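As given, the protein sequences belong to chains A and B, one line each in that order. Mapping of the first sequence onto our numbering: position 112 corresponds to residue 112, and the numbering continues sequentially without gaps. Mapping of the second sequence onto our numbering: position 233 corresponds to residue 1233, and the numbering continues sequentially without gaps.
These are computed hints drawn from the structure, not numbers from a lab. Keep in mind that the hints are not guaranteed to be accurate.
To be verified - If we take Cβ atoms under 10 Å as the criterion, some of the chain B residues that face chain A in the derived model are:
#1 Thr1034
#2 Pro1132
#3 Ala1136
#4 Thr1276
#5 Ala1290
#6 Arg1299
#7 Arg1310
#8 Leu1315
Said to hold, decoys possible - Stretch-level coverage of chain A by chain B, calculated; a stretch enters the list once three of its residues show a Cβ under 8 Å from a Cβ in chain B:
#9 127–135
#10 148–154
#11 200–206
Keep in mind it's a predicted model, so treat the numbers as computed, not measured. Beta carbons are placed, not taken as given, at the ideal position from N, Cα and C, and that holds for glycine.
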Amino acid sequence: MTNNELIEPGDEILPGDPPRIVRYPPAVRINHWITATAMVLLILSGVAMFWPPLFFLTAIFGGGQWARFLHPWIGVILVVSFAILASRFWRGNLWLRADLDWSAHIGDLVSGHEERMPEIGKFNAGQKFVFWVMMLLILAMLASGLVIWQEYFGGMTSIPVQREALLVHWIGASLIILVLILHVYAGIWVRGSFDAMVRGWVSPGWAWRHHRLWFRRLAGRSESPGDAPV
Amino acid sequence: MALPDSPRTAVSNPPTQTFIENLGPGDVIKRSATERLPKPQRELTPVAKLIDVSKCIGCKACQSACIEWNDTHPAVGENVGVYTNPHDLSSEMFTLMRFEEWDNPDTGNLEWLIRKDGCMHCAEPGCLEACPSPGAIVQYSNGIVDFDHDNCIGCGYCIKGCPFDIPRVSKTDHKAYKCTLCSDRVAVGQGPACAKACPTKAITFGTKEDMKALASERITDLKSRGYENAGLYDPEGVGGTHVMYVLHHADKPHIYSDLVDKPKVSPVVHAWKGATRTAGLAAVGLAAVAALAHGLFARADKVTAEDDARAREVLDKGEPGNRA
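Take these sequences, add in the hints, and give me the full structure.
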């Protein structure tokens, strides 16, 4: 089985009218939203230290000292939470030859001709890109962040290394925000995606349109859910 | 004669005549993380502390005076066989005599080089440039660079900005500390505590102009005694400093316990606050605008009735529908 046909634990078709297709079970959603909340808090406290006109955002955390103190700890929460999320998602996000094909048709997607796109499994190439780039960036942010965590690691590295770590941290932060804009916007633009992460399920039409191979596998596995009592 | 706006010496007793208190908000010429600063109300005479290394006897009176005036409490140290004590600057020790034994290859003499380390009060302060917290670091028009602890958030960026490795963040209150050039004394007409305590006048204080003139006398004297490379350390790379050294070997500052030969604010620090930040903000801004524009003007990717119908067909058959 290639990961294009991968079904993650908890993915299932619930009978009903219309049938609901479970994409993200509750634990995954909680996990995702903890990660997302941590990310938003990190960005709010981070940009305050990145750009003085936004320094006022430190007030959300109780002032500059609090923002400085909390930022790295929220980072730790994010890393742990993302690691748990990644332990579920990595398999489905392995890069396949078919993803190149899909990527080549990205113009069709953006211009509203998704029907011309190749069929794909649970995650498309765009989602895989977001997943892996996010993982790399979070690792870079973790490594550079530890170096500049003054309170505990301030004396462990030389000052030139700390300067470079802060540069890496700032470039990484900019890239993460870019990827996040892509991630959030895609979730809004592709109607129903946001719902998938909020209520956990998608409609059959959504699954057919966006993740057809995944849908076929699920349908093939279940016992005629469409015949279930209405 | 007009009253002086800054003390001309550290030796004299406090002035008895009225002294216009200064170093208030109207004397600030640079403020961390603040782009538009109100125009300073006046221009104070630049001051400087001159440390004549050749006159220092290593008594540490300056350290004691610093501790006393600033009411700091450095921990009782441990003797590890060197005179430098404590072993490094700290949030409780703003100045430190660093002792170095240097084998002069030209003369075969062992020279005992003692340098009073501490904030140099750069004209272009890297700490201030690096600081993300508005008003945590200020520079006054007389040249003093001062930390305002009410605004300090304890991030340690100043440490990364400083080319001299001076600021230290306290483990207790998580704020950065360094020599203030006794701004609280200077503001009321007194010189820095260290200069006042120095028994050999190795540390002197006055206007920067006077201190340069004094330095040049000292350098002439040192040269006449065979120190042909004697000179003033007032490095241009940071725009000059308001703490200067007379060095007997000014051609090699590094022999004085690693005094930086050619200090300048690291290009990496300029990169954070310059190109990196501009590029980052621009890219994020563009991406946000692009997403918004696409959201407003492009059709949303919606599930169609046909998608629903086809999906139902597959479900009704209960098969993968590979050829659908």
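The hints, checked one at a time:
| no. | hint | in the structure |
| --- | --- | --- |
| 1 | Thr1034 | holds (7 Å) |
| 2 | Pro1132 | holds (4 Å) |
| 3 | Ala1136 | holds (8 Å) |
| 4 | Thr1276 | holds (5 Å) |
| 5 | Ala1290 | holds (8 Å) |
| 6 | Arg1299 | holds (5 Å) |
| 7 | Arg1310 | holds (6 Å) |
| 8 | Leu1315 | holds (4 Å) |
| 9 | 127–135 | violated (count 0) |
| 10 | 148–154 | holds (count 4) |
| 11 | 200–206 | holds (count 4) |
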